[in-house]
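Using the sequences and the accompanying hints, generate a full structural model.
There are 4 protein chains.
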Amino acid sequence: MPGNSFGEIFRITTWGESHGKAIGVVIDGCPAGFPLYKEDIQRELDRRKPGQSEVTSPRKESDEVEILSGVFEGKTTGAPISLIVENKDVDSSIYEDLRDLFRPGHADYTYQRKYGIRDYRGGGRSSARETVGRVSAGAVAKKVLGLNNITIIGYTLQIGNIKAEKIDLGEIEKNEVRCPDRNAAEEMIKRILKVKRSGDSIGGIVEVVARGVPPGLGEPVFDKLDGDIGKAMMSIGAVKGIEIGAGFGVASMIGSKNNDEFYNNKGVIATRTNNAGGILGGISTGEEIKIRIAVKPTPSIAKTQGTVNIKGDDSTIVIHGRHDACICHRIIPVAEAMMALVLTDHLLRNRLAKIS
Amino acid sequence: MPGNSFGEIFRITTWGESHGKAIGVVIDGCPAGFPLYKEDIQRELDRRKPGQSEVTSPRKESDEVEILSGVFEGKTTGAPISLIVENKDVDSSIYEDLRDLFRPGHADYTYQRKYGIRDYRGGGRSSARETVGRVSAGAVAKKVLGLNNITIIGYTLQIGNIKAEKIDLGEIEKNEVRCPDRNAAEEMIKRILKVKRSGDSIGGIVEVVARGVPPGLGEPVFDKLDGDIGKAMMSIGAVKGIEIGAGFGVASMIGSKNNDEFYNNKGVIATRTNNAGGILGGISTGEEIKIRIAVKPTPSIAKTQGTVNIKGDDSTIVIHGRHDACICHRIIPVAEAMMALVLTDHLLRNRLAKIS
Amino acid sequence: MPGNSFGEIFRITTWGESHGKAIGVVIDGCPAGFPLYKEDIQRELDRRKPGQSEVTSPRKESDEVEILSGVFEGKTTGAPISLIVENKDVDSSIYEDLRDLFRPGHADYTYQRKYGIRDYRGGGRSSARETVGRVSAGAVAKKVLGLNNITIIGYTLQIGNIKAEKIDLGEIEKNEVRCPDRNAAEEMIKRILKVKRSGDSIGGIVEVVARGVPPGLGEPVFDKLDGDIGKAMMSIGAVKGIEIGAGFGVASMIGSKNNDEFYNNKGVIATRTNNAGGILGGISTGEEIKIRIAVKPTPSIAKTQGTVNIKGDDSTIVIHGRHDACICHRIIPVAEAMMALVLTDHLLRNRLAKIS
Amino acid sequence: MPGNSFGEIFRITTWGESHGKAIGVVIDGCPAGFPLYKEDIQRELDRRKPGQSEVTSPRKESDEVEILSGVFEGKTTGAPISLIVENKDVDSSIYEDLRDLFRPGHADYTYQRKYGIRDYRGGGRSSARETVGRVSAGAVAKKVLGLNNITIIGYTLQIGNIKAEKIDLGEIEKNEVRCPDRNAAEEMIKRILKVKRSGDSIGGIVEVVARGVPPGLGEPVFDKLDGDIGKAMMSIGAVKGIEIGAGFGVASMIGSKNNDEFYNNKGVIATRTNNAGGILGGISTGEEIKIRIAVKPTPSIAKTQGTVNIKGDDSTIVIHGRHDACICHRIIPVAEAMMALVLTDHLLRNRLAKIS
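Residue numbers (this note's numbering), protein chains in the order written: chain B, 6 to 361; chain S, 6 to 361; chain D, 6 to 361; chain U, 6 to 361.
Bear in mind the hints are in silico, worked out from the structure with no lab data behind them.
In this text the structure is predicted, and so the values were computed from the model without any measurement.
Accuracy of the hints is not assured; some may be wrong.
DSSO-like, lysine-lysine: derived pairs with alpha carbons at most 30 Å apart [said to hold, decoys possible]: (1) K93(S) / K148(S); (2) K168(U) / K168(D); (3) K80(B) / K168(U); (4) K271(B) / K316(S).
The following block contains the structure:
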């Protein structure tokens, strides 16, 4: 019940603070009998880590994962899988000045109000570092999905006002912003660097697509597939919006254009369009699941901002340290992980739908 | 665990099909000791019911609620509250033609695939009639919130390309589309009637605002307040997107504009802007919570559409009966109810945050 | 999360008070596609109802169940199944005297302390009448189990100091105390009637056996099959103890006697003894599951008892009305229902254990 | 939902295998703001560890706990508390012979059947070593209870046929079997050593008492306090029965003897007897909560036993290594921990009962 778990059947619980000893996740409900290696997880963690390029923050998180349980002789056993990553390269001293100040756009104030105490070092529990657990667990989920021929891919669709004009999946991992349009990527990087030089940050839009999802995933009426995806995405720190298929575009559409007509595509029931984004009535149709999320500009900026201190006095704040000026490319592995977690959970839940 | 429940502490379970004998909801976890009358619930149900005007469907749902348990001598007892509404004015005959056809944009196909069986009459369990249970339970939640001086209001912001230019809350219940801008409302109604005459339907955007929410509601890291609101809204049948505060607007914003600076407002910590929509790190700040949802055009349209039948053969379908050409005004009580349920749940959960 | 639900996958939520309008249960997570008729449920309810004989209370509960949802054309659809039973023959007047008094052995005092309010009529929510919902849902569970060749049978093993000396299953439904030993049954009935004449009541022991349970049911480490059975049984009002297999007998056993040796029984792995009661490490072995529960004497007795009133003043109480002097035979359908619910839940959960 | 978590609000998830790298627990839902030190937890772990005396197994588990998260500057923060203990002194070689054999009385066979794979080393996940996590989390729960003046104590009541004749709490930690009767303790130890010499083991009964529990804990109707205690205790590996208050003794009692009369004890409502064991209708009365559990003889015995191998062939087994011949004294810290977890969970849940 408490808030650090996600999933009903393939259930993860993340723990750890930004500047604590370690950070990790426990996966309960992972089915027994498939191969799982450290490398499966490390690969995804490496995609998430900062310090990869000029546009990311230079904190060096080596982030080496260790599998502590749930795997025996290279296979999952059905027991909980405990994954842990040590926190290294942690320098809490720069946060000493922030002990009594609330950073705008961060959770400092709300944690303090809720709990009456907070670990102010690096954001503590509210740090994006918590996503190490999500990405680690998501890597295991991706393995399960892979066995079912389901793939997930995310990319940056927009940064500031610069939009990808084409979707070339082969381009994504070739540029630092993970944009599927090479030209747009170049513009985006320029834009980020410019913003960064001015001590500021910038937002964007990320798209995530799942392919190979069979029809039938999702549970009426509250645990709809889109409901759970909505929660999964909105639970990522910087996400302020989520849309599926035609999304907010439906507002100005008429029904006859928005409805996706069914047809028999060589023996498989398909739809001619996919405004629904692969989900009808909360249940997957078999078409591509396509969602977009709105990513806010990093709240940690170098500019002086007004704020209050812990006593409530008006004050100003300057946030030192170097931060990502745009986090779209780093949120992609996290959003993919959350999508993988939702789909794995519903893939398993769907085993329960029929009597036989 | 199964999908027909919502909420962790103030937990509702809805049941019932569109053309079954009755429809209802059980609320478990409602605190003991506050006054609750049938009228509290009936009032909200009346706001939801169709047949109220020219722009709504003419099905007459008298929808009289009955409290079967959990209330004694006018007060809640802490026992589960069972609410039931009989299904009257049900004519299943017009659905007979649809027994073997999948309506585009509806859940017919996905339910059939998932369960191997479906109640095709009026959409069965996937019908919007299921929201009778949500609205009934939401009315009880609103009572709890009212005792805590929290209010919720929803309105239509956009239909097709027509947008409300001003927010005059006093106007909302005075026009048939629940738009806070009288002039826009007139245009919206004209637009709907025109679309309706052409046998089509149209989408829109609804905004929901919660006022008086104290700081501290929301649970890190998955059960963030915005995460749960995201799920709540995306679990409503026609909703294809949700955004909070600046929402998708953050994509083109820079951090120094998007961050909401804190200041001391006569002894209360407040923010000068509210791009966050009242939530930071998943926890309420004390500012207004403001969200928008994208509502798709009603999929039931009079035009001939391509589809397949239950055997997978290509076919066409014409949907008889008269349906709402736009459901924004009817989704408002539902969206308000979902917001009320999330806030009540988190209001109670927040009692658990501190040791004393 | 609140306490009126049971089961993780095959999940029931009961509602209703003894003297309210109706009482019922919602089953969520029932698989789609098997035949379910009102008669399946009514049969079990009839086994539970009072007024069947001289040893039971004469309240006439006709207890006719109605299926309100989740079944279409005689088959389950996967949607929640709502079952309701009207409360008839309700006379609350005799409880008027008890409004301000706490009955010893009942939940009056604890409900009042917990909630600050209670429906004192007939015990309100704490009444054994709540088991109408359990038995109704259990009947559906029994159907699922029947499709899997699993059967459950319960019987009275002991009343006062009188013990069944043999287990003849054919005898059970032939006598009023549901004892599998005809001679013991006669003695038991005499004993009950004698106790009843003295205005008192008496306790007993009930045994429940499940046959045909396949190996593999139960989830380590907390949701062990015996853990869940333990909770299921201890959640029945009058039950003060539960033991499985050799039960408390293990205290005086040595390991070499208590261990059940495995052997190959014509191709099936079996155990030569069954002190484990069919469960090892929380998971079913394939042997009979056998448990016993301790049933306390009905707390409603005609004798004058000391108590306090709602103000805390010392007082005395005499409970009018005619009550069961022994409830073993009436608790049997309830205990069977709870066993059926646990087994159905774990039968479904076990579908999730392996990757394929 | 999966089985490795316990508790609704104060929720623990244990992980780890007997011979894996480490073992641990994550506590989610622990309230913020109370002091918590490693020593609080280490103290309880030390009470649990083997190798303390002649009657325990000589495996040296240094079992040093580390707090990885959730505590900042000596206080809980509301974030999940991750506790970890390295597995040292692990020698898996002696289990090599057991790779293909099912030990009678152990979970080898059932795990293999359920998952198709098992970590056979030291019982893997089904090992009693899993209780390291329970005891660690229980220590945190005890801290919460201590702040509320609730104490828990457990002791050995019976081993074989030797029963404690008196309850002298001061004696408990003075003898190796944790028996509150010094003379009985001596007899018990003799009995255990004799059984041990014969290569066998022996069972017993443990009693656990909670004092200072306020009235009102426990949730109707399924999450009764005794229901949850029942599950908690039955989820401990060797426990085959649980009874509360008069327990199985109620079978031969009459109502007028079993009912506990209320009276005003200097302003506090109390009961003159406590056959209910401190719980009525599933809710605590304010009296002592007293339960007993039946502990089976350790299944690991040195005698030759019949069994089958993984292919199903009849075989024999001899279990090497030195094991506890009786585990009552080692199960005590575990049973106390489980009681502490249940009470802490319900103490918090009870904050939700009333509207104000």
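Given pair status - K168(D), K168(U), alpha carbons within 30 Å = The hint holds at about 25 Å.
Under the criterion that the straight-line Cα-Cα distance not exceed 30 Å, is the pair K80(B), K168(U) satisfied?
-> Since the Cα atoms of K80(B) and K168(U) sit roughly 47 Å apart, the hinted pair is violated (cutoff 30 Å).
30 Å limit on alpha-carbon distance, applied to hinted pair K271(B) and K316(S) | Holds - the C-alpha atoms of K316(S) and K271(B) are around 13 Å apart, at most 30 Å.
Do the alpha carbons of K93(S) and K148(S) lie within 30 Å of each other, as the hint requires?
-> Holds, because 27 Å separates the two Cα atoms, which is no more than 30 Å.
In summary, the one numbered hint that this structure violates is 3.
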